[in-house]
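A.B. asks: For reference, the chains in residue letters:
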Amino acid sequence: MPSFTLLAQSVLSGIFVGGLYGLLGLGLSLSWGLLRLINLAHFALAFLGAYLTYTLSTAFELDPFWCLALVPPAFFGIGVLSQLVFVRFRVTQFGSLLVTFGLTVMIESLIQWIWTADYRRLETVYGTASWRVGPLFVPVAELLALLTAAALAGLTWAWLRYTWVGKGLRACAEDPHIAAAFGVNHRRLALVLSGLSAAFAGVAGAFVALIYTLAPAQIYAWIGVVFAAVILGGLGNPLGPLVAGVVIGVSEALTMALTAPAWAPLVSFTLLILVLLLRPGRV
Amino acid sequence: MRRLAAPAAFLAVGLGLLVPAAATLPAFYESFLYLVLHWVALATSWSILSGFSGYFSFGHGAFFGAGMYATAMLATGGLPFLPTLPLAGLAAAAFGVAMGAVVFRVPRLRGELFALLTLAVTFVLATVVLNTRIDGGPGVYLSAVPLPRLGGSATGTLYVLGLAVALLTVATAYAVYHARWGAGLFAIHDDEDVAEVLGVPTYRYKLLALGLSSGLAGVAGGIHAMFVTYVTVAETFSIVVPLYVILMSVVGGARHWLGPALGAVLVTVLMYGVTGGQTAVAGRAVVGLTLMLVILFLPEGITGFMVRRRSNRPGAPAPRPVSPRPAVAQRRPSDTGGPPLLVCSDVRKAFRGIQALRGVSLEVREGEILGLVGPNGSGKSTLINVVSGHHRADGGRVLVGGMDVTGRDAHEIARLGVARTYQIPRPFAHLTLRENVAVAGMFGRLGHRRRTAEREAGRWLEFAGLADRADQLPAALNLHQRKFLELARALASEPRLVMLDEVLSGLTPSEMTDATRLVRDIRDRGATVVFVEHIMRAVMELADRVVVLDVGELVTSGAPQDVMRNPDVVRRYLGTAHA
Amino acid sequence: MTLSIRTLGMLAVALGLALATPVAAVAAPTGPPVRIGSSLALTGPLAATALVHKITGEIYVDELNRKNGLLGRPVEWALLDDQSKPDLARTLYERLVTVDKVDLLIGPYATGSILSAMGVAQRYDKLLVHHTFGIPHLAKYERQFPTWAIGPEPGRTFPNLLLDALAASSKPPQTIAIVTDKFPSVHFMSTGAREAAQKRGLREALYLEFEFGTRDFGPIAARVKDANPDFLWVGAIGLDGNQLLEALKKIDYTPKSHFYLYPAPGPLAKAPEGNGALSTTVFEEHPPFTNGPAAAEFVKLFRARATTAGLPYTAVDVQAAASYTAWQLLEAAVTATKSLDDKVLAQWLKTNRVDTIIGKLRFDGPNNYGDDLSKVKQVQDGKWLVVWPKEYAAPGAQLLIR
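Chains as they are written, first to last, in the working numbering: chain U, 1 to 283; chain F, 1 to 579; chain S, 1 to 402.
The hints are simulated quantities; they were obtained by calculation from the structure and are not laboratory data.
It is possible that part of the hints are untrue.
The calculated EDC-like cross-link candidates involving lysine to aspartate or glutamate, where the alpha carbons are at most 20 Å apart (straight line), are [said to hold, decoys possible]:
id: 1; chain 1: S; residue 1: 171; chain 2: S; residue 2: 230
id: 2; chain 1: S; residue 1: 383; chain 2: U; residue 2: 123
id: 3; chain 1: S; residue 1: 360; chain 2: S; residue 2: 341
id: 4; chain 1: S; residue 1: 199; chain 2: S; residue 2: 273
id: 5; chain 1: S; residue 1: 270; chain 2: U; residue 2: 123
id: 6; chain 1: S; residue 1: 225; chain 2: S; residue 2: 273
id: 7; chain 1: S; residue 1: 270; chain 2: U; residue 2: 174
id: 8; chain 1: S; residue 1: 300; chain 2: S; residue 2: 63
id: 9; chain 1: S; residue 1: 256; chain 2: S; residue 2: 297
Pulled out of the complex, with its shape left as it was, chain U reads as follows (with noise of 0.2 Å):
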């Protein structure tokens, strides 16, 4: 029988990765549900925002944290350039995979071209750093991840929830004609959205240099995992990635500290499939 510690510990373990799955899936997750457009370039910006980490804290002597204030409002600028493109270019849902399967394309080639294909390992004080909590450890920059994907994810829902703009948004995405009669500026409105996913984007980024080593190829390592999150956490529902990041996250970890870890997307994909055919309408 495998011991509570770890047991405990591979939870955390699971619940931190599944921070991650959350942090990246928020803004995906917002664009997909909330403006119709399946954003796969998310991932490639990500990257991008963790290279650009790295080099502002290896070149520029930076704190990572510091980053932090720098590349998602730079993001902010990239997203709502994007939108403008796709509103000019009337952009479907499924032409939007494609579009920005088109830019992930270049902005791979654009790391690959900067920093080499060549793995790049951000050394922070960070990085493998850890706090003790009993038996337990608990990993600061894993930590850090899931407050701020739980924080960005909680502020998001409770903008779209109280505020007029996000009442508007989400007005927008049940029938744009109503709530353009009743005023909302939805052009105004995608753009901010638009900006604040890729800003998202960043921030993941950001942790993504902290906690892993970067390539540029691992742009599609995330996609699967990222996307059964956003899906099963309902398009356009903040809290949804994460909490299904978490799911998905605490699910493989401890088959993994059960049995064999090969096995593991078994059990949390076989889990996924059984909530989707025994409650489709709750998902």
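With the hints as your guide, set chains F and S onto chain U.
C.D. replies: Leaving out everything else, chains F and S in the frame of chain U:
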């Protein structure tokens, strides 16, 4: 003749593609063309389910992989290579159909949820293959498997096989696209519930489409196993296959039989053509940029763009000459004397604990016009939903023409001659008016062939005053016209029982007069009409008999004047107004 | 701004060259060039390592042309990008053989693509020299020549070498934990290690397999910590090693002694927790490997070019050395036979020993594999040093165990 042009051109291209195999071109061209054809087969097979019926799958890698591993296992197990290919197709199809048989039973599993499910299935399959004796980790190496010679060389052989599966797939897509059940798939794409109610056996069609789609992907996978000769889990079940087939189909236009093939050619040539070693990174950037630009400037894909250009051409199909109204036996209503066509006895239905119908019993006689009235939430629409089979009754029985249809699927009930309209019109958004109406003719009671149904549809559109718009999309219509489209579609199956859900609401007085006339016309053609209505003037004018529902119960029924004088009805239904 | 202009320039160049045949190198010797064809995974998931092979090849070709080329003729390297896709690799080798009609072939990077190239070479009876093939028992073609000299049965020979090294150390391990990726070229080595350990009577404290691409190493780390073995064998490829090691560090566990099969060498050497990590190699940039002039020169050139290319890790190790060896092999065979005939060259390689920077290679064993020239290396003070066998150890270095 024009119908033959596409297959003929297609055959010519196919035969033309045989030339590289026959000629002594360097093997590279065969090899490269093989890759193109491989993606043509994968993307086209994907679109048979996902493009046509709108069930967007992210799991094509699972079917492809199932075929790949089936061939790998069988061929290394001693079976000759060629016989493994149909088996690979069968294995993948069996896997797909088994999945679909469960998944398609779950009504709300559409859109992104279906995509997620298929993605999850891929992960699960990959994990199983990796951890069992199917692969177990080391990969399967097929170098010892003898390859029969069909083309000049080994690569030529694979090229011929790739060509065969690509042609087979595109031909299948062509056949499905033009077949009756292809029309059914497109109806499912736009509105599955409506399709089912119009008589499309949605479950069976989706399963069939999935079976074909996965089976063809499996065959392509089987061939590809031999092409790469070394089959591993990480390569086979990567995100590449599902992602690329979607990209290719979207670029080409997923709703057209040829679209995914064009998209596959474009993307493959672009991606696999840019391989300069010194410019690899920049080349990749250019590929990304090109993909972006293509879809920015051709948002509907290549075929979408071409189709639109063609329909914008001057001299587009002129309205057909007026033809006589559909020759339906004119039968005077036998007032109230006919045998019961619809019998509901003690029908009950609850939603999440709220009783919408608390045991409603009523009869509708052949040839009558029955008005169904009651305040909002009284259960009128629910009753229509239950009779049409959209909702399954919790209790009680429904008989149509003496046949017990309780619990039957909606499409079976439709085939018995039951049709309905929706309060808020629900046309198939991507089908022209003619196609919209033709769906009813094909799948309703008549079961017309596609061509017949489309011809008849023209007449029904004329009946509804929409003949000049037959080749437009429903988005071009205003509300009044949409309501009439609903009517035309309901009538096109020449139903015995038509249920009209508030056809008059939202119409102007003059439009209402038109509609009232139409309803009478319908009855005069021999149909029995049940109509739900709030507008009392119309009820009094049209109905032979009125049934009043309130909170899921039948309050009273009888001749309109009698019912309207019933104090109970006045209190319940009009109470607030007169209070 | 400079960046975007540079990008535009690159794009313009790319447009022009993307579909054109590979670029010719500048020729000093005379006559029609000897053309050598390759594909490498210059983009896609394997690009990190393929770049090392590209730089190595360019160095070698330039050096050849600076001297007398091959047979007095200039050498031209037709290099294509297989995008890390084995199916595309097949097509590109078919192009190299049937359209570009190159004289000689050098294999691509990574097992799957090499098998693809090997199939093509076999169909056209071409000689194929390849540098990083991990599963010798699959290399069945008689004219393929591996330069990564791991012997015909690395799954048996290498674990024994490693366990010998550990047994001779100050603290021979009593227990072993094996944690392995299920990646094909890694997995069979790990099962080999498992058998070898069993035969030697080491107690197996843990055996775990994980999926290629695993992101969360926390639970695996927790189980390693629970098992607390004397020796940890990690069947790692790419980033697996770093990720597990970081996960271990986060739960405050430092393995007593730890081995990583095919790690990303740079990140592992540079990470503080990588200290003491063991791995396998055939070449490291210290004596005795750099005793020869060719090796010393190559190390210098590689460092310079890798720095220019912007690589974060510029040391020559397994990949670069095996790559260099492939070119040495071709040059030796062509020079000795004065021929470009695949049959003649293959025959010569079969029957001769070739002196290379990784040692004397022979190809007369099963599947043209000769001796297992693997060595055991260890991270000491941020550098990889060979520590076993003793005669190859870096000056003064020995296997350190915590």
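A.B. asks: So if I understand the rule, the pair passes when the alpha-carbon distance is 20 Å or less; does residue 225 (chain S) with residue 273 (chain S) pass?
C.D. replies: 15 Å, holds
A.B. asks: Between the alpha carbons of residue 383 (chain S) and residue 123 (chain U), is the straight-line distance 20 Å or under?
C.D. replies: 16 Å, holds
A.B. asks: Next pair to validate is residue 360 (chain S) with residue 341 (chain S); report whether the Cα-Cα distance is within 20 Å.
C.D. replies: 23 Å, violated
A.B. asks: Can you confirm whether the C-alpha distance between residue 199 (chain S) and residue 273 (chain S) stays at or below 20 Å?
C.D. replies: Violated, because 31 Å separates the two Cα atoms, which is more than 20 Å.
A.B. asks: Are the Cα atoms of residue 300 (chain S) and residue 63 (chain S) separated by 20 Å or less?
C.D. replies: 13 Å, holds
A.B. asks: Taken at face value, is the distance from the CA of residue 174 (chain U) to the CA of residue 270 (chain S) at most 20 Å?
C.D. replies: 52 Å, violated
A.B. asks: Is residue 270 (chain S) close enough to residue 123 (chain U), meaning Cα to Cα at most 20 Å?
C.D. replies: Holds, at about 9 Å.
A.B. asks: Does residue 230 (chain S) sit within 20 Å of residue 171 (chain S), going by the straight-line distance between their CA atoms?
C.D. replies: 9 Å, holds
A.B. asks: Is residue 256 (chain S) close enough to residue 297 (chain S), meaning Cα to Cα at most 20 Å?
C.D. replies: 37 Å, violated
Violated hints, listed in ascending order, are 3, 4, 7 and 9; each of the other numbered hints is respected by the structure.
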